[in-house]
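Engineer: Using the sequences provided together with the hints, build the complete structure.
There are 2 protein chains.
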Amino acid sequence: MRIDFSNLLSDRVGEHGLDPGFIKEYESKIIDFHRDLVSKRKAGELPFLELPYQDVSRIISLAEEVRSSFDAFVVIGIGGSGLGNVMLQNALNPVFYNELPKEKRGPKFYVLDNVDPEKLSGLLNVIDLERTCFNVISKSGSTSETMANFLIIHNLLREKGVNGPKQIIITTDPEKGDLLAIAKEKGFRTLVVPPGVGGRFSVLTDVGLFPAAVAGLDIKALLQGAGEMDKHTSKELLSENPAYLLAITHYLLNRDKGKSISVLMPYSERLYSFADWYRQLWAESLGKDGKGQTPIKALGTVDQHSQIQLYNSGPNDKVITFLKVEEFASDFTLSNEFPGYKACGYFEGHKLSDILNSAQIGTTTALTKKQRPNMCITLNRITAQNIGKLIYLYEVATAFSGYLYEINPFDQPGVEDGKKAMYALLGREGYAEQADEVRKFASSEDGFVLEV
Amino acid sequence: MRIDFSNLLSDRVGEHGLDPGFIKEYESKIIDFHRDLVSKRKAGELPFLELPYQDVSRIISLAEEVRSSFDAFVVIGIGGSGLGNVMLQNALNPVFYNELPKEKRGPKFYVLDNVDPEKLSGLLNVIDLERTCFNVISKSGSTSETMANFLIIHNLLREKGVNGPKQIIITTDPEKGDLLAIAKEKGFRTLVVPPGVGGRFSVLTDVGLFPAAVAGLDIKALLQGAGEMDKHTSKELLSENPAYLLAITHYLLNRDKGKSISVLMPYSERLYSFADWYRQLWAESLGKDGKGQTPIKALGTVDQHSQIQLYNSGPNDKVITFLKVEEFASDFTLSNEFPGYKACGYFEGHKLSDILNSAQIGTTTALTKKQRPNMCITLNRITAQNIGKLIYLYEVATAFSGYLYEINPFDQPGVEDGKKAMYALLGREGYAEQADEVRKFASSEDGFVLEV
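In the order they appear, the protein sequences are chains G and R.
According to numbering that gives the first Met the number 0, the first sequence is numbered sequentially starting from 0.
According to numbering that gives the first Met the number 0, the second sequence is numbered sequentially starting from 0.
Where hints are given, some of them may not hold.
Which copy is meant is left open, so a pair is good if it fits within one copy or across any two.
As the list claims (entries may be wrong) - Here are the simulated DSSO-like pairs of lysine-lysine, each with C-alpha atoms no more than 27 angstroms apart in a straight line:
no., residue 1, residue 2
1, Lys165, Lys183
2, Lys439, Lys256
3, Lys41, Lys219
4, Lys234, Lys219
5, Lys175, Lys341
6, Lys419, Lys103
7, Lys230, Lys23
8, Lys419, Lys439
9, Lys39, Lys418
10, Lys418, Lys296
11, Lys103, Lys165
12, Lys296, Lys103
13, Lys418, Lys28
14, Lys290, Lys256
15, Lys341, Lys183
16, Lys101, Lys183
No lab work stands behind these hints: they were computed from the structure.
Structural biologist: Dropping the structure here:
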């Protein structure tokens, strides 16, 4: 994995870049943070850092059972209990996986996150309930969306008379919460979200690993990759630590150069969902006290025809990270089907991946020329090991960014108000007071409304 | 359709909102723009405005033929020749459409936009080439990605000996371009991108309508909805014109209140791709001369567990538009499967859509309380007519925003540099000079690179 920071520096992008002296300047300042992090880790306060070294034999055997017993597998989870699952599935299984003939894949794979009735009815149209395993994931054991979807599915299974306890697997806190109590009452098997690991840092726990194993992914290689990255992100020296460099370059570009937006732009369909996972990690960890960059996902080359005009010529308020792949699992060599036409001739003899990666270099070139800071992470191939490395890199970078912004990257107090207002609307006990706020802030009466 | 601007105003969000006096202030200023727009329209300079009134009989009969002759339909197009197709398909057909049993749908529907070899090989794994119709769409007739994918598909069809001219339909400029010439040479049937309509304004031309008709959508209702919106967006009075209000509120919030980011957040899975279509429209039209808001897509409730912490407590630099649906095509009423558990009891008797829409109101309430400007567009149902209205609304708002920002909303000069650099890398004749720029701005040599 190659991480190229060159185009973040002032010798490439002028006043919009960082003076290369920032490394010397911050090398000593950062050592205090580093040592604090190391001591917290030793005290067991950062358990997400130890996840590469867990035993996954129980996950693998349970996943084997599910793979051989069911035609479809549905994760019921949202946020940190959904985004990581989509990311691993999309990154490591073929595009259009669910449409492959049965003999070329494991159980069909779905994540039911939203409480959109049309998504749920769409799902029910394409699965056979009796041949489907549901993995209900909620750290707290009370997430509204997850509980609502679980209630409906449980009801449907009961009506069909097929809710054998083997068909539902619960992933939740090992000691508390309603979902754990329900699992015990009904005899559902349980997996664990380790208490000290927050939802958005949980993809390398049972939350992400079990569904990945059901999907046939190599979760040992995933953890091995994460462990390899741990060696790099444990280094004290800023110039050698990729997570610290990722964090501090973004922090300084935000603080000093007005780059309030951080774009993650993979040039790979399979890596697009990695950007969704990153969006949660970055936004929910760092968006506090009026601080935090707004993370955006974009996709190359598709968004060259949608967003690049803006990135290139709009406000210079972004730092862009490209994710790039050198060698694809399959490729095509172009021949010139239509000799004599300028629009095709230059493709002859090139691989399709050459066009993709040349487009990425073209975009970098154009952005850099216009002094738009950008960087690039290149994977030799998309493998479980490399995805494990990427995950760990971004998790450590996020945690470290908390130090720089002087905020706690592990909480999310800003989502509580909205939840309370929703509880009030649904008549949940103890939230009557919030109804006044709803009337005050969300009423259409006496408002400025157009009917068209 | 109800458009609620209330929470953009200062009486709801304090200093971060607009003084309601803006309407009086801008009412007269805007009349000049309006009259210019009207006279340009009369002179035929804004042909996208006349699209609701076209004859679609040929599209419909060609689509009927394709529907009855093929098992799969693949759009080969990118940007304005892809995003609108995905948007219409996702908005108006069921979620998981391609996985439905054959008797419950038309041909499987795909959009091949990217030049990612793994996407193409994934597609080839799940379609039967001989039973697939390809619609190659490029306004210029030379879009790199589209031509590359077309070349490969054409080659595969030729190798199989099945490239009957009926299997490929070309949508391009009616008078010029390599794709048109190739179509003539090979005897492919053609559809038209009207010369005066830019790619991102072309969803209501053959570009979007033909694939929509193949997917079984009611394109007459789509146009009818657009025509209905035309009545509203043709009004001279700012306070009555939803497109002008949409444009000017966003412009003023950007210029005067630092809202550099515009989030479009549907609370509906089916409307999520509408946000992708909007992203292109807004970014590519307005991202010029250092101006333009950065459009972001988000999805409720999923992104409540990912982005709302940031939107609520991060920098107050966003204006958020919710898209909401009152009545869904299907719904579920929740019963309490697990009496005695607090995490479920409050759902009893509620529909799943109540939870979804209560979550939206909860989010609005919380954001407004924190002085984050937001607005809401509510559809009674997701119908072709309502989608037509939405499309037309946003297109006129975008065109009108061009006046406000004093830029041309119909060009995209900022994408040329990247293309030229790509051509240089691929050895296209006439671009050798650009190779120097690539070496200067995109080289990893003598750069700041970490191998991990």
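Engineer: Each of the hints needs a verdict: does it hold here or not?
Structural biologist: Quick rundown of the hints versus the structure:
no., hint, verdict
1, Lys165 x Lys183, "within (13 angstroms within a copy, 60 angstroms between copies)"
2, Lys439 x Lys256, "between (38 angstroms within a copy, 23 angstroms between copies)"
3, Lys41 x Lys219, "within (24 angstroms within a copy, 66 angstroms between copies)"
4, Lys234 x Lys219, "within (24 angstroms within a copy, 63 angstroms between copies)"
5, Lys175 x Lys341, "between (66 angstroms within a copy, 13 angstroms between copies)"
6, Lys419 x Lys103, "neither (46 angstroms within a copy, 41 angstroms between copies)"
7, Lys230 x Lys23, "within (22 angstroms within a copy, 63 angstroms between copies)"
8, Lys419 x Lys439, "within (14 angstroms within a copy, 54 angstroms between copies)"
9, Lys39 x Lys418, "neither (32 angstroms within a copy, 49 angstroms between copies)"
10, Lys418 x Lys296, "both (26 angstroms within a copy, 21 angstroms between copies)"
11, Lys103 x Lys165, "within (25 angstroms within a copy, 31 angstroms between copies)"
12, Lys296 x Lys103, "neither (31 angstroms within a copy, 34 angstroms between copies)"
13, Lys418 x Lys28, "neither (39 angstroms within a copy, 42 angstroms between copies)"
14, Lys290 x Lys256, "both (14 angstroms within a copy, 17 angstroms between copies)"
15, Lys341 x Lys183, "between (68 angstroms within a copy, 16 angstroms between copies)"
16, Lys101 x Lys183, "neither (34 angstroms within a copy, 41 angstroms between copies)"
In this structure, the hints that do not hold are numbers 6, 9, 12, 13, 16, in rising order.
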